[in-house]
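Chains as they are written, first to last, in numbering that gives the first Met the number 0: chain A, 0 to 639; chain B, 0 to 639.
Since the hints were derived computationally from the structure, they do not count as laboratory data.
Where hints are given, some of them may not hold.
A pair holds if it fits inside one copy or across any two, identical chains being indistinguishable in the list.
As the list claims (entries may be wrong) - No more than 25 Å apart at the CA atoms, straight line, and that leaves these computed lysine to any residue pairs for SDA-like:
#  : residue 1 : residue 2
1  : Lys398    : His226
2  : Lys158    : Arg13
3  : Lys567    : Asp238
4  : Lys567    : Glu96
5  : Lys158    : Gly10
6  : Lys567    : Gln193
7  : Lys567    : Trp515
8  : Lys158    : Glu148
9  : Lys354    : Ala252
10 : Lys199    : Gln548
11 : Lys567    : Trp312
12 : Lys158    : Ser9
13 : Lys354    : Ser9
14 : Lys354    : Pro444
15 : Lys467    : Pro479
16 : Lys158    : Arg63
17 : Lys158    : Val8
18 : Lys199    : Ala618
19 : Lys567    : Pro302
20 : Lys467    : Ala95
21 : Lys567    : Asn297
22 : Lys464    : Phe434
23 : Lys354    : Tyr7
24 : Lys467    : Arg587
Just so you know, these numbers come straight off a predicted model, no measurement behind them.
There are 2 protein chains.
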Amino acid sequence: MHFHHHGYVSGDPRIQAVAGVGIDRPEVLPDEVDVLIVGSGPAGMLAAAQLSQFPDITTRLVERRSGRLAIGQADGIQARSVETFQAFGFAERITAEAYRITEMAFWKPDPADPARIIRTARPLDDPAGVSEFPHLIVNQARVLDYFAEVMAHSPTRMKPDYGLEFAGLEVSDGEEYPVKVTLTHSSGPLEGTQRFVRAKYVIGADGARSQVRTAIGCTLAGDAANHAWGVMDVLATTDFPDIRLKCAIQSGAGGSILLIPREGGHLFRMYVDLGDVDTHTTGGIRSTTIEEIIEKANAILHPYTLNVRNVAWHSVYEVGHRLTDRFDDVRPEELGSRTPRVFITGDACHTHSAKAGQGMNVSMQDGFNIAWKLGHVLEGRSPESLLSTYSAERQVVAKNLIDFDRQWSSLMARKPDEFEDPTELENFYTSTMEFPAGFMTEYTPSLIVGEATHQELATGFPIGKRFKSAPVVRVCDTNPLQLGHQATADGRWRIYVFADEALPGPQSKAGIFADWLESSPDSPLAVTPGDADQDAWFDVKVIYQQDHQSLDIGAVPAVFKPTVGPFKLDYLEKVFGVDPSQDIYELRGLDRGGVVVVVRPDQYVAHVLPLTGTAELAAFFAGMQTGRRPEAAGGARVKG
Amino acid sequence: MHFHHHGYVSGDPRIQAVAGVGIDRPEVLPDEVDVLIVGSGPAGMLAAAQLSQFPDITTRLVERRSGRLAIGQADGIQARSVETFQAFGFAERITAEAYRITEMAFWKPDPADPARIIRTARPLDDPAGVSEFPHLIVNQARVLDYFAEVMAHSPTRMKPDYGLEFAGLEVSDGEEYPVKVTLTHSSGPLEGTQRFVRAKYVIGADGARSQVRTAIGCTLAGDAANHAWGVMDVLATTDFPDIRLKCAIQSGAGGSILLIPREGGHLFRMYVDLGDVDTHTTGGIRSTTIEEIIEKANAILHPYTLNVRNVAWHSVYEVGHRLTDRFDDVRPEELGSRTPRVFITGDACHTHSAKAGQGMNVSMQDGFNIAWKLGHVLEGRSPESLLSTYSAERQVVAKNLIDFDRQWSSLMARKPDEFEDPTELENFYTSTMEFPAGFMTEYTPSLIVGEATHQELATGFPIGKRFKSAPVVRVCDTNPLQLGHQATADGRWRIYVFADEALPGPQSKAGIFADWLESSPDSPLAVTPGDADQDAWFDVKVIYQQDHQSLDIGAVPAVFKPTVGPFKLDYLEKVFGVDPSQDIYELRGLDRGGVVVVVRPDQYVAHVLPLTGTAELAAFFAGMQTGRRPEAAGGARVKG
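One chain only, chain A, in its complex shape (with noise of 0.2 Å):
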């Protein structure tokens, strides 16, 4: 955690000092906002996070209850979520109250007594190590709890406008605030008058009936529901012994039950099968009351019981997998002439069954996404054609989430004397564990993701996925660290340099790319502001090849260790050898002679290049940067 270096801070340093729009922060919405987040769900509350560190950005957002969420539906929380929350902060402090899935058992009919049903596997739920963070179950209103603290502690102190519901919107290009929005007040003294707002841009995260998304003009299309699901949180005794394990169970007189054990210790989720709808009779099965799919539940756990002793929610719903065919209001016929204003996020654009445990977890990289975009695009570091790759990101990501989903749903409500195999059900869900977990995305060559042309140099850091952490130990203070998870959301850019084999010093090749890096007017650094630090809008970072007790701190290039705060003081904690144990470069497949490798804020490797590949680099930032100082333009920048 970086801090004091402003002066000293007597409290919390997560708590950062107010700037901007922070200062005097209105406490009702103002009428000109640069972005309206509508929804506060996960995909709008990560987005207003990320956007909230931007101290000179107007975001607010608006939601249509009145206060916090306090019980929320979605509760699987992926690996990659988890990584996610790291960089936010909360990481640690939300695995410490959640369930935490290290394995998932299957049940079957006992072929002996059909009618029993009987454990028939045990996998690991992560066999092949994908990620260094934990899949967690957790309730939703717990993860926006965080992300509403994380903006709290920003410098924008931001928080949500609750009590305002979205109504319209009229979009006219050409304004300064060119997205007209019309509210509607739905609790408090002014509830059913109207408010309006301009806004730069809009982030419609307002869930499946998104009225955001029908202001756009996009539709959802894809297959109605066709089987329903009971789903209750509830305290029970049992003498079922997995109880506490993520299990699938099918039994033998039809019928399956998903068990999701929960944070505390006792509450848990249960998935049970209602069967087929029959379009006719929906409403019959949605009546479906919690007595009769407890009794179902019981039906189906034979020989083992289940005694409810209290309902914390229940409900029923049916499967669909629908999605929108764009996540803006640009249409295909004006692709190329303009570029969005208004954008949709999570079950806005996809919807699909909650059994895989994905919707909160996509929805939240959505939000991720088009954030860190909207920061750059309105703090001018980035020109408007950036926001054009949201869309196309995150679409792919979508339909490929939907597909994946339609198999699991269906493969769950399958009865057991149907499957060709016996082993199908967990052969497909270990098999298939990277994509649940949520690291099978993988972004393709854009603006802001480069060719694949130097990838050998980096074999496990590939082009569009993200960036996966590996040990390394920090030089100045001699601890062991997750290089990935020095990493914060704070919109900037990343840039890691793996040295040649050389020591420190300004003539190995990493010496010289730093000194290229630090003093080129082609420099992707040369936009930094001249008032800012000199690490404010790229975070470099250095790791070599030796141990740490091997490295010389003060012979590492200045770029590595730049000057930050009033005082003017070295910054030291960029500077890594490996771990001998962990070898960062056997682990990634990194290339001895040196490789540079590019970050997104967002944290997906967005190129990886030699050192030597000053020019490739240049020409990369320069498609998304948005002007270069005049005086830097010139030649080398002035150090603070």
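With chain A fixed as given, assemble chain B onto it according to the hints.
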């Protein structure tokens, strides 16, 4: 984390349900309290945080400052303290914001040019792996903040009463509230006026100039100050390469520096040797300016230079070593005839140098030791004789601390040419690491520490030393965990049952022991109130020798799966298997025939007994349990 068992908890599960005296807690200090703590330093705040967990005990803490401490002086956090923070729920958070010591560097005059210093050694801070917890540096003010949060989230919703200074006390034995305390309002509208409070017990945590100590007739005895140090917390630039490492620096020119990097990446503390104090010129050294301290530091660091940019805090202090002969108000001639009513803790009992980073740590353990004992006596669980063990146990620890610090301080003050062996300083540091890490405390047999008759059954859990955690796997949810980290600072005794080789079942030795524990009127559990959860007073855990997949939780005896909460739910999280790759039986030298390890609420091992040692266990607890419920004495407890 255990929650939801009283019904669904929507918000932060760390915030406990308000109960007992927390309901309608008066803002203003009442006239009568159970425990009055004087002083909000580490000892007082830990004691308050512990006592705040007892819902029916009114504990108040008075502090003469008008509010929260802004800049504290102590900053060293030994591993034992982080272990303690873990039990209070904030180890991970304070670690995330602290500086972590992993190596230490020693600098000495260059033999070739004694005017220059060179690095001569760089040992690991904890080469023996004495603890899984880190050694940290973080400002005392933040430690106090976290304890304040624990109190605020406790059932009693406790918070300090600021602006009240201790003025005196009088003990009148025989009354219900025998301690009459006089306080003075030190700030606010009532400033200067007096306030009287009656308390059952008083804890004096009011520092080196303790007035509580004076009031009970204790005096500090020991050697006078004879060496002075300038200490400064500063932000600076420097070419000294180890500025972010803990360093002991001895110069040839004379004088030495102890460098302690601080949290946040930039701040550091330097203790700069100002030389021996002549009793006639003490005043002179005490008025050393910050400029003079910086100048002296630069002279010692030669050829490196220090350019101080900002001074957060500085002071000059002289080293003395002083100790009181007792930690409570029972004078030697009263021993055995009365039990104590007033206790002193921390700096009120022991003062010494700051440089071994011990003061805050030992003080907190003073607070931990007395607080649970007061809780148990006030709740009627234990007789007042329990309170006499406080002074007996902690005075010895303080004596050892003074002896250790005297050695370390004099070594640090010695000139390089005065060492017979040039590696003496670093050898002392590394060879004694377990002491400053906080793990050498070993209480001797008493009312609450058993004789080591069966120590050979658990050689890795020495009786009288703190329970050292080891990995296990929880059966119900297959989570790999640290056994010791499942213990929270909730005031409960813990009984760890390490099973014999048999699988779970009633006929095994562990099963027979479990039956006795649950149903015998001689069992320590028999005194648990009938309306409380089965595990309200004793947290009983079982660890089997098999891996978790081999264990049938259904066959585990009921005492290890207590019924909890209004819904009478089974709590399954107390049953563990071994981690075969790190078998706790091997790691802790546990007898394969099974063993019972009894652990105190402050985490110290109280007893080690065989599974057949029920009579010994009953006898051990009989001495410290006040009465038994009549219905329990007649037979088995009624189960909920």
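Hints violated by the structure (listed by number, smallest first): 6, 10, 14 and 18
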